[in-house]
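Chains as they are written, first to last, in the working numbering: chain A, 1 to 336; chain B, 1 to 305.
Since the hints were derived computationally from the structure, they do not count as laboratory data. Computed from a predicted model, the values in this text were never measured in an experiment. Think of the CB as a built atom: it goes at the ideal place given N, C-alpha and C, for glycine as much as any other residue. Be a bit skeptical, because a hint or two may be false.
[Claimed, not checked] Under 8 Å between C-beta atoms, here's a sample of chain A residues computed to sit facing chain B: (1) Ala-55; (2) Ser-136; (3) Tyr-151; (4) Ile-228.
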Amino acid sequence: MRAATPASAASVSPVQGSYTEPVGGPPRLRRFSWRWWAHSWRDRPLWMLLPATLALLLISIAPVLLMVWLSFLNLTVSTLRQFVTAPFYGLQNFVDAFTEPSSLGVTLGWSIFISFAFSLMATVLTAPIGLIAAMSVHNRFNGRGLVRAIYLLPYIIPGIVTALMARIVFMNNSGLVDKVLGGLGLISHNTYWLLGPHAFWAMELTELWSSWPFIYLMALAGLQAIPIEQLESSALDGAGAWQRLRHIVLPQLSNVLKLAVLLATLYHFANFTLVFVMFGSPPPAGAEVLPISMYYNAFDFFNFGLAAAIAVITVIILIIPGYVYLRSARLAKMEA
Amino acid sequence: MGARRSTRTGQQARGSRRFARSRPELLMPPWLRRLVVAVLAVTVLVPIGYMALMSFVPNNDVALGIISTSVLTVRNYVDMWSAAPLAAGLLHTVIIAGSAAALSVVVALLASYPLTRFRFRGRRVYLYSLVALQMVPGTTTVLPLFAVLSWVQTTLSAHLIGTYFPIIVTYMTFGVPLSTWLLVSYMRALPRSLEEAAMVDGCSPLGALRRVVLPLVVPAMAVAFVFAFLVGWNDVLFASVFTNNSTQTLAMALERFSSTNEIAGAPVYGELMSASVVTTLPVVGLYLLLQRYLVTGLAAGSLAG
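The shape of chain B in the complex, shown without the other chains (with noise of 0.2 Å):
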């Protein structure tokens, strides 16, 4: 490492004029690197800069666009959780997400032991459908499951929209296939041999399954785990058909507060962007966590909403 390092600077000293002979394995000249980067960095960084100025700023002041330093204050991030109802929000998608997460994995470990492990008729055609089924929007299942929803309520006359039960069920449409996915792809880089040998021993699939594959599989069922909830995390459109003000997620309760005026008639800025900060900062932790997976993760789940 403190080779390299040496090395690097010393070649770079040379100038960067003739990167392309002495460092091949440059893809961009040192100048040109540090101009895309700050280019970049600039564009990314100024408007979350300016959202996390504007959750300092009083409401009517980001309104009217008086923004001085002087007026700075941290009352968004104590005003806005009575403003809108986030605690709740926060509690609700906790609950919704995280048990659709739940389920989603569990369902996908049963499911990834045997397309892995077993050869039979048809598996290929599962594996493919679980991508296919990752390219369905979900503007387009929305709005039959809300139609067989309304139906079973009226037939039965049960109260099913507003409550948990559909919320976590659709969520799970994105869950399921996204976890078995990256189950799959995981537990097909396990050796096969350590489980040969729990059932030379007299172990049944499933044993083997218990106690060898489950303690292997913990890390990407965690990385499973933590895709799908976020799925449900960032979700508006589900959340906007099935859920009412006594389940509404954080999303929803962002959403809703978005479109609530105060007196003068403009949204009350400053405790939203506040919102939005504290909506993004678990998730920035998570990502940045599972950087590693992102590829995987991302690739499948990019289509949830």
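So here's chain A without its partners, still in its complex pose (with noise of 0.2 Å):
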């Protein structure tokens, strides 16, 4: 049996074998002593976790937990390179970035409230398109390879040449989307989808595109480890293909399906380089996203200690998510 399938290579055993692990398991830990450090330091070698430990605790646990204190201090371009002695400032980013609008022109409240909208319309309306996208190539047919690396193509472009393509594509009056819809009557020529009120219509529409192979990855995954016999046996007993489909197949995916639109919902909610690139800057207020509302603060206007507050708010945001999605991890077995 050859493993082709995304989710049985990434977990199949290199050695086609039934080991199992023995019950007692390798030998627990132990009261300290020299002689046994000695011997734990060749035997039972734990330090080969410290670089690993050394380069996620200074670059990313420490910078998270830096950033909560820059938030509470005045830091512009004048004091960020001192930080350490930066003016304290309380709580007045937080309340500077919900009721003042920044130099983008936008509050943070609105900010937040097209972040969610952008990521949430995105999953709602990926999930869908993914899933239908799965049930189509699950099948054997003529040609199937190349239609499953089409469906890829989108997902593995990268980020920014996906944006430029989005400029040419929605470009006022001489880009694609102009002249088709405006060709057939639909939309006036001059829609502006760049700039003013259409920009976030642009963007959905563009991050739709790029992100449902997404989607369709996980759910072929899931639709893979469906055994075929339970499709045989239902069938033999009389049910139709909506039937099957709905009590057999739905059922199944439903683990795998949950894992992936909490994903793609935190995907798109961090997804930078797409609105980066693809308008100009400053960006419309329809496409102010956090992210971009955070780098804009930060290294457009030099108010860090704004920027700071912004990033905060968006780990905040996304904790509760992030604990459900290590929750499920546990569901999925994550520990040997």
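Bring the two chains, given one by one in their own frames, into a single complex with the hints.
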């Protein structure tokens, strides 16, 4: 059996055997002594974790903690270099973020709203597309490999290229969308997708185009785990195509789909490249998602304290879905 | 294989209305499948085809929307190298993303061995935090890292931002958890009996890792390397903050190129599209090679930036 499926390849044993872990497992932790330590350096080389731990502490965990501190400081371009001595600002950055429009002209509340609308809408609309796509290439047919490769293309094209492509596709008057839809008389030739109130929809459509294959990949992996015998025996029992889908396929996909939907939402929420590259600087109000708001406040307007406050809010928003994801990771038996 | 194909065509001939009873494993009747495939393939291919077509159209014609087959030219693919520092960007990307990926894989190999072979306090927490760290969006780490680097720069009056060092380190933020995760899930499936045999013969765990495990995990290391490399290849956020003109990556060169204007005021769209095609091709090639590992890799790395 050649494991050509994405899901099984990830977890399949490279050596086809039925090895099971011994019940007792490796030796347990003991009380500290120098003799034990010298022995453990050689026989239980836990020190090998050190480089990874240091790297993760220094470049991932410490920055997030530091950011919380930065969000309480009055941090501008003049104080950034000496942020250790920057004046304490209390919660003023958070108050400012929510009450005053930033230099981009929008408040944090607006950015949160746009981010939620953008990511939830993308998830809700890509989920059925991805599921249907997975069902369409699950069964064998001539040219299936080619179709699967085509399905992957939007996802594997670099984000920056997708954004640049969207710029010429949505270009006013001379772009593909205005030409085709304008030619059909559906929209005006001068819709200005990239400038005004339509910017949100241009961004949303591009995100839909580029992200549905993620759901497709996860759903396809889920479909391949469903034993064919279940479908056959239910057909013998008289279940029609729709009943088989409804009562056999979808229930078994639900865990994979939940995970995929959650990850996809987080991914939409964090998407910086698309908006940054697709629109000019500064981006239109309809495209000012949280990552963009953070970036422009920090690196264009040099209000680092405010930007840190926005980043802290982003993390707080992500904690709940992140926790749910970790719980489901436990369900997926990630521990050995 | 041959037998299966002939039964399928035989059953197809009976008509799709009876598919439900005759072929219960089919999730869609063939006519619906063809419709879905056609719609999705057209939706996917039209914008890509448009980009590819525009890469052969002179800059001004793209901006004005004058597209006729008589003006198609390969000049964009020649001129773009002098219009933007793409070759230098390519070199910087290979250096930066390559070293970040290589360092990540080495660090991950060291970490994944004790994580799969020994039981110790905090192991589970460690595994969970690997997953959690992959969810931290780049926009939350870029600012504090920038603040620390500016502070270090001022305090030590050293030159850091704009060199290779900070950008390599920040790409490891994603490379290390991603590669560790890939290697842990791969190594866990390797039978321990081989190492145990080696240790019975007097090998230390480190020796067993080097002589027995390492040769077996080379494929997983290659996959981890490619995924970690692509994080650097695709990133714009960190590159826009931590690189300058002398270290900018290919993506960054492309981004800056996209905001420069020609004399007429319109960006150089034709060359921009040819540069985009060139940026895309290696990535598509690598992904199609690694299709089998996509679910693990993408689920882990999908939040990189």
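Right, here's what the structure says about each hint:
1. Given hint, Ala-55(A) at the interface with chain B, holds; its Cβ is 5 Å from that chain's nearest Cβ, closer than 8 Å.
2. Checking Ser-136(A) against chain B: minimum C-beta separation of about 4 Å stays under 8 Å; hint holds.
3. At a threshold of 8 Å, the smallest CB-CB gap from Tyr-151(A) to chain B is about 7 Å, leaving the interface hint in force.
4. The interface hint given for Ile-228(A) is met, as the beta carbon of that residue sits about 5 Å from the closest beta carbon of chain B, less than 8 Å.
Going down the numbered hints, you'll see the structure goes against none, and every one checks out.
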